[in-house]
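Student: Hey, can you piece these two chains together into the complex? The hints should help.
Here the protein sequences line up with chains A and B, keeping their order.
If you count the first sequence from 1, position 128 lands on 237 in the working numbering, and the numbers rise without skipping.
If you count the second sequence from 1, position 213 lands on 261 in the working numbering, and the numbers rise without skipping.
Hint data in this document are derived by calculation from the structure and do not stem from the laboratory.
Any given hint might turn out to be false.
Stated by the list, open to error - Okay, derived cross-link-like pairs now, SDA-like style, lysine to any residue, Cα gap no bigger than 20 Å in a straight line: (1) B:K230 to B:L164; (2) B:K230 to B:P219; (3) B:K126 to A:E304; (4) B:K126 to B:P214; (5) A:K191 to B:R128; (6) A:K161 to B:P138.
These numbers were taken from a predicted model, which means no experiment stands behind them.
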Amino acid sequence: MIEIRKLVKAFGNRAVLKGVDLTVSEGEFLTLVGPNGAGKTTLMSVISTLTKPTGGMVNIAGYDLADGAVQLRRQMGLVSHKTLLYDDLSAEQNLRFYARMYDVADADARIEVVLRRMGLWGRQRDPVRTYSRGMQQRLAIARSMLHDPPILLLDEPDTGLDQHAAAMLTDLLHEVGATRRTVLMTTHNLQRGLELGDRVAILAGGRIAFQASKSDLNSKQFRDIYYQYVEG
Amino acid sequence: MSYLRKIFAIVAKDVAAELRTREMLSSMFVFSLLVILIFNFAFDLRAENQKTLAPGVLWVAIAFAGMLGLSRSFIMEKDRGSMEGLLLAPVDRSAIYLGKMLGNLLFISIVAIIILPVFIVLFNLPAEHLPLLVGVMILGIIGFASVGTLFSAMAVHTRAREVLLPILLFPVVIPVMLASVKLTAAILDETPFADVQNWFSLLVAFDLIFLALSFILFDYVMEE
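For reference, chain B alone in the conformation it holds in the complex (with noise of 0.2 Å):
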């Protein structure tokens, strides 16, 4: 109980440096509208390209915002001089792994759930597939936050960390990407689940994988 509460104590406590400020909340969510505008506007959308598109930008959107949010996420811990804070309490390294991960998992669902409506509006979707959406944007999301929080860590460490954060992460994000944008396409088109299974297991195994391998690798990250 002991480490969970743990784990809660670090989200709450980046929860509530962020209702302060609103500084990573409020730039992701105008870079991802910004990004949703951007194409809406950009492409000739008819109604025959819509649902080909729309699964596409939607995840630029979050992949995009995303990566602001995980940026941030150790940055502002190492500048402020309290990572070593952080490291010193009598915790397990993964604890500290998992309270970052759930709250990068918590604001970047935030952004994605509030910019979905605007992004179904905007793209002309019916608005019976929400639940749907939001599941799947969920499972990507476990994937995106839980690779992206590690090679945040470790890419605080360096000079040219906001730089070499996309450069590591997006290669190996690929497959989360790939399957979100197949199942949203999916639930848009209504297309059978059978037909997406392979998708659907992709990104499961994905999230499960990652996460462990994660879990298991912050500590050595975090050696200087």
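If we strip away everything but chain A, and leave its shape as in the complex, we get (with noise of 0.2 Å):
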């Protein structure tokens, strides 16, 4: 579903991905750590198409990202740290512009059903700011599911979250993979990587350095060999 070859990204004379290859099956769940600086966040944009990469190889859904961008970008949703929402705008006013960005038929029905499913029904009509951060990023993953797409992007989802919102959003993604979507995600936070993921894999030095299937590994194998990595 989400195959990528030799992936290269350099801004200017430094490289930040540097031979990416990895591959996410149709309805895997994978998740994606490393450092600060590993270019994780680079990663998902290059693939999620608002980055054109320096060199190598993305195919999406059967789309190359070269010459099919508009046609990939309807396939997924991306929910990043930043919630990609209007402010001063309401949950409903944002999803009914994204309903009509993205073509989204019957939008007001989709749009109850994705607010009802995140919890948020009953404060639709309310501005976005007046949200706790929690609320925005589940506002945000509705935006993201909004046109029911097959692939979803969570670019470190929990960034700035308590710990209550945190424990939401895990419960959340859980339902999410449940729906048998293929999700890549990015992470810090390798106790919730490895919990939600069915594959996890370390990006470090601006490469795959090390992936492996959840059921080969523990929790504390896998903090091991990622500090091994990051600091190796």
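Tutor: Encoded structure:
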């Protein structure tokens, strides 16, 4: 579903991604961890078509990044540490805008479904700026799932959340995983990453340094391997 | 149709956000009103020099108020992190340009149309020229907003964006400003159209060329 081969991204002379090879199968939840500056956000930015790669190949749901960006964007939803929402608009207005941009059929019904699912129905007419950080992040997930994309990209979705909100987000992501969407999530939280993912990978030094199935690892082994790659 | 629907969705979103805050329109209106008032009081306006100075004053007010609106247009998207949401939408980037450009055109036109009667009263100008003045204003604002939207999108990625936008924009829109001032003066002086046809052609040509160029270049500008 997501196939990345020899992906390179450089900003001037500085290469952030130095040949990333990664495959996420259809319906799989892959967690990508790595230290600050490893290139996680850059990788997400390239996959989501926000940044053009310097070299390599990215194929998502049969669309090549180089010539199918518009079709490809329809296939995925992105949740990042930024909510991508308009603070002055209400949740309903935000979702109605995105429903128009994604040609969502029967938008009103779909908006109600995603807002109810995220526990935000009842506050749908309040401006987003009046929401807590946790509520805004739940609305961001609602936005990303509005057009029912088969692929979900989660770029450190738990950044800035308190423990309660982060636990709620974990529950939501368990639900998302259960829908058998293809999910690629980056996180700093090794425990949460291992708990949610079917497979885990470590991005270090601009490359995929390690990847394994969750069933082959326990929490301690994963932590040890992570520190070995990050510090090594 | 889907392409047009998305353009109008962007315009409607910008209008809805502005209606919630009224930050941009109110600051543009107050600024343009102040410019007209200051010029009106600063110049010792006698009957013979009113028509000479008035077109320039009107376009200075529109250009500077427009600059306020243009600089806010993408800064709001960028600072609130919604720019990425817009760029992630499955639509050609040219639709984003047209949506933002039409929003800017609408806001600048609203301010210009509100200040026009004030301008006519303060400069003792005959009200019968109002429809023609509105026509020239719309043509001038199309040129200003088409280039301004592109440059606003370019400047937003830089640190000195508020300073950079006027430095980039004003030299490029000199033909629009000149043609608009000349046509406004011609309307107030009741000069025959044939005498200013060249300025009219220049204004229309500038609008078309820069609208087309900005439409094509926007995709490259949005590449970080």
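Student: Output the indices of the hints that this structure fails to meet, ascending.
Tutor: 3
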